[in-house]
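Generate the whole structure from the sequences, applying the supplied hints.
2 protein chains.
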Amino acid sequence: MFVILVYDVGEKRVGKALKICRKYLHWVQNSVFEGEISKANLVKLKKELEMLIDNDEDSVILYTFRSQKYTGREIMGKEKATTDFLI
Amino acid sequence: MFVILVYDVGEKRVGKALKICRKYLHWVQNSVFEGEISKANLVKLKKELEMLIDNDEDSVILYTFRSQKYTGREIMGKEKATTDFLI
Numbered sequence: 000m001f002v003i004l005v006y007d008v009g010e011k012r013v014g015k016a017l018k019i020c021r022k023y024l025h026w027v028q029n030s031v032f033e034g035e036i037s038k039a040n041l042v043k044l045k046k047e048l049e050m051l052i053d054n055d056e057d058s059v060i061l062y063t064f065r066s067q068k069y070t071g072r073e074i075m076g077k078e079k080a081t082t083d084f085l086i
Numbered sequence: 000m001f002v003i004l005v006y007d008v009g010e011k012r013v014g015k016a017l018k019i020c021r022k023y024l025h026w027v028q029n030s031v032f033e034g035e036i037s038k039a040n041l042v043k044l045k046k047e048l049e050m051l052i053d054n055d056e057d058s059v060i061l062y063t064f065r066s067q068k069y070t071g072r073e074i075m076g077k078e079k080a081t082t083d084f085l086i
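For the record, the sequence lines run as chains G and P. The numbers in numbering that gives the first Met the number 0 rise by one with no breaks, and the one at position 46 of the first sequence is 45. The numbers in numbering that gives the first Met the number 0 rise by one with no breaks, and the one at position 36 of the second sequence is 35.
Check each hint, because a few of them may be wrong.
Any copy, or any two copies together, can satisfy a pair, since identical chains are not distinguished.
[Said to hold, decoys possible] Each computed DMTMM-like pair below joins lysine to aspartate or glutamate, with the alpha-carbon atoms no more than 25 Å apart:
(1) LYS15 to GLU56
(2) LYS18 to GLU49
(3) LYS15 to GLU78
(4) LYS38 to GLU10
(5) LYS43 to GLU10
(6) LYS77 to GLU49
(7) LYS77 to GLU10
(8) LYS77 to ASP53
(9) LYS77 to ASP55
By construction, these hints were calculated from the structure, which means they are not laboratory data.
Now the structure itself:
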């Protein structure tokens, strides 16, 4: 299936969240990830994030699509994926 | 068409970005919005955001889907849409 994931986590956990998500998905920009993922890997991804996040502070939103990719993706402004987080 | 929008804008422009996006889409949480939107309104939304954002600092990502909604949406952690921004 195809997944779009957006997280909003506390600063202390951002690095780890990024690392986990990158194992399974492609990083689009900042806190946005996407990609094809198997059901088994989606379960793993969710488990790893569950272990990490603080339920009182953080949130993760997961859109799942059967197999259909989006028909368009447009980025306005700065293309952040290539810069900030790599520093 | 169906749209998922995620923005990452400087603090000074967050309030205005929220206001613009809310005119056209449903607020899911924090910087994530979604909804059915006409082509004409999508053009308007994009123009308003273009006027607002700082191209060196901000970014907006727009996923567009022909008419097919996502098959699943899951929120892990805090459901932020109902609280933070209303203060």
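Status of each hint after checking the structure:
no.	hint	verdict
1	LYS15 to GLU56	both (15 Å within a copy, 24 Å between copies)
2	LYS18 to GLU49	within (14 Å within a copy, 31 Å between copies)
3	LYS15 to GLU78	both (22 Å within a copy, 21 Å between copies)
4	LYS38 to GLU10	neither (29 Å within a copy, 37 Å between copies)
5	LYS43 to GLU10	within (23 Å within a copy, 34 Å between copies)
6	LYS77 to GLU49	between (30 Å within a copy, 12 Å between copies)
7	LYS77 to GLU10	both (21 Å within a copy, 15 Å between copies)
8	LYS77 to ASP53	between (29 Å within a copy, 8 Å between copies)
9	LYS77 to ASP55	between (30 Å within a copy, 6 Å between copies)
Checked against the numbered hints given earlier, the structure breaks only hint 4 and satisfies all the rest.
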